[in-house]
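Asker: Chain residues, written in single-letter form:
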Amino acid sequence: MPEATPRRSGWGRVLIAVYAVFAVAATGRSAYQLATQAGEAPFPYALSALAAVVYVAATLGLAREGEGWRRVAWVACGTELVGVLVVGTLSVADAELFPDDTVWSSFGAGYGFLPLVLPFAGLAWLWRTRVPG
Amino acid sequence: MTDWLQIALSVLSFGVAVLALGYVVRDRSADRFLLGALGVLWVGTVVQLVYGFVALASTDRDVHAFVFVLYLLGLVAVPPLAAWWARGEPSRAGAGVVVVAGLLVPFLLLRLDTIWGGGA
Chain A
0 MPEATPRRSG WGRVLIAVYA VFAVAATGRS AYQLATQAGE APFPYALSAL AAVVYVAATL
60 GLAREGEGWR RVAWVACGTE LVGVLVVGTL SVADAELFPD DTVWSSFGAG YGFLPLVLPF
120 AGLAWLWRTR VPG
Chain B
0 MTDWLQIALS VLSFGVAVLA LGYVVRDRSA DRFLLGALGV LWVGTVVQLV YGFVALASTD
60 RDVHAFVFVL YLLGLVAVPP LAAWWARGEP SRAGAGVVVV AGLLVPFLLL RLDTIWGGGA
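Going line by line, the protein sequences match chains A and B.
Residue 4 in numbering that gives the first Met the number 0 is what sits at position 5 of the first sequence, and the numbering runs on without skipping anything.
Residue 36 in numbering that gives the first Met the number 0 is what sits at position 37 of the second sequence, and the numbering runs on without skipping anything.
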C-alpha cells in the first residue's frame, strides 16, 4: 500500500539531511574513539557507538520507503529520545561517569542542542506522515 | 590555519545559506541559480582541500593527520551531496537542504581549525 505522504519529500528531506550529517559525524567519532582510545573511557565510547547506530538507523528508516523502514525509524527516533534524555540527565548529575563527552552529554549542548531537538522532530514527522487507519 | 581562505569560504557559505533562506521564505524550490551558488561553494571547498593537503605535507606541527584529511574530504562532499538531495525536491524544502549545507560548511571549517591547532 502506498504511503499517504512519503517520508522523504517536503520537510522530511531537510530532516533526513540533518540526520545524515549526525549519522556520519557520530560514526566517524565513534570509530575514531574505539580505534585509538577504547580502553580510556569504555562507557562514553560505548554510548557513542550506540548513538552512531541509532543515527544511521534513523536516517535509513526515514529515507527509505516501506512500512518496515518506518518501524525502524520509530524505534531509532524513540531510542534517540530516551538516549538523549537519560544520558543528558546522567551527565549533568554525575560528571564522573563521563570522562569524555558523547554527542548526548548535557543534552547535546556541544552541538547547539540539536541532538535534543532532532528526536522530537523525527517522531513528529513520522506521526504526520503515518498511514491513516 | 585561520586565514583568508577559511574566512572567505565561511562568508561565502553563510551567503549561500542566506540566499537559500530567501528561497524558503519566498516559497521557491532550489533552481539552477541556487545550485550554481552551491557549485561556486564546492570549488571553494576543493581549493581548501588542496590547500589543506599542502599545509599538512609541509608542517612540523603535531596534527591528527588522519582526522584532518577525513574532515577535508567531508567538506568537499557536502556541496555536491546537498545539490543532489535538494534537486529531487519540488517544494521549498529543497532550498531548506541548501540552508543546512551552507551552515554545515563553516562548522566543518571551524573543526578543521581546531584539529589544525592540535585538538581532536
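Hints in this document: simulated from the structure, not taken from any laboratory.
Some hints here could point you the wrong way.
Across the chosen pairs, the derived CB separations fall in these ranges [to be verified]: (1) B/61 - A/89: 15 to 21 Å; (2) B/13 - A/123: 24 to 30 Å; (3) A/99 - B/116: 14 to 20 Å; (4) B/25 - A/42: 46 to 52 Å; (5) A/33 - B/68: 14 to 20 Å; (6) B/20 - A/108: 23 to 29 Å; (7) B/17 - A/66: 36 to 42 Å; (8) A/111 - B/10: 18 to 24 Å.
The following residues of chain A were derived to be distant from chain B, with all beta-carbon distances above 10 Å [what the hints assert, rightly or not]: (9) 74; (10) 82; (11) 85; (12) 91.
Okay, the calculated bits of chain B under chain A, using three or more residues with CB under 8 Å as the criterion [as the list claims (entries may be wrong)]: (13) 44–52; (14) 90–104.
Ideal Cβ placement from N, Cα and C applies to all residues, glycine included.
Asker: Take the hints in turn and mark each one as holding or not.
Answerer: To see whether the hints hold, each was checked on the structure:
| no. | hint | in the structure |
| --- | --- | --- |
| 1 | B/61 - A/89: 15 to 21 Å | violated (33 Å) |
| 2 | B/13 - A/123: 24 to 30 Å | holds (28 Å) |
| 3 | A/99 - B/116: 14 to 20 Å | holds (19 Å) |
| 4 | B/25 - A/42: 46 to 52 Å | holds (48 Å) |
| 5 | A/33 - B/68: 14 to 20 Å | holds (19 Å) |
| 6 | B/20 - A/108: 23 to 29 Å | holds (25 Å) |
| 7 | B/17 - A/66: 36 to 42 Å | holds (39 Å) |
| 8 | A/111 - B/10: 18 to 24 Å | holds (20 Å) |
| 9 | 74 | holds (24 Å) |
| 10 | 82 | holds (22 Å) |
| 11 | 85 | holds (26 Å) |
| 12 | 91 | holds (23 Å) |
| 13 | 44–52 | violated (count 0) |
| 14 | 90–104 | holds (count 9) |
Taken one by one, the earlier hints fail for this structure at numbers 1, 13, listed in ascending order.
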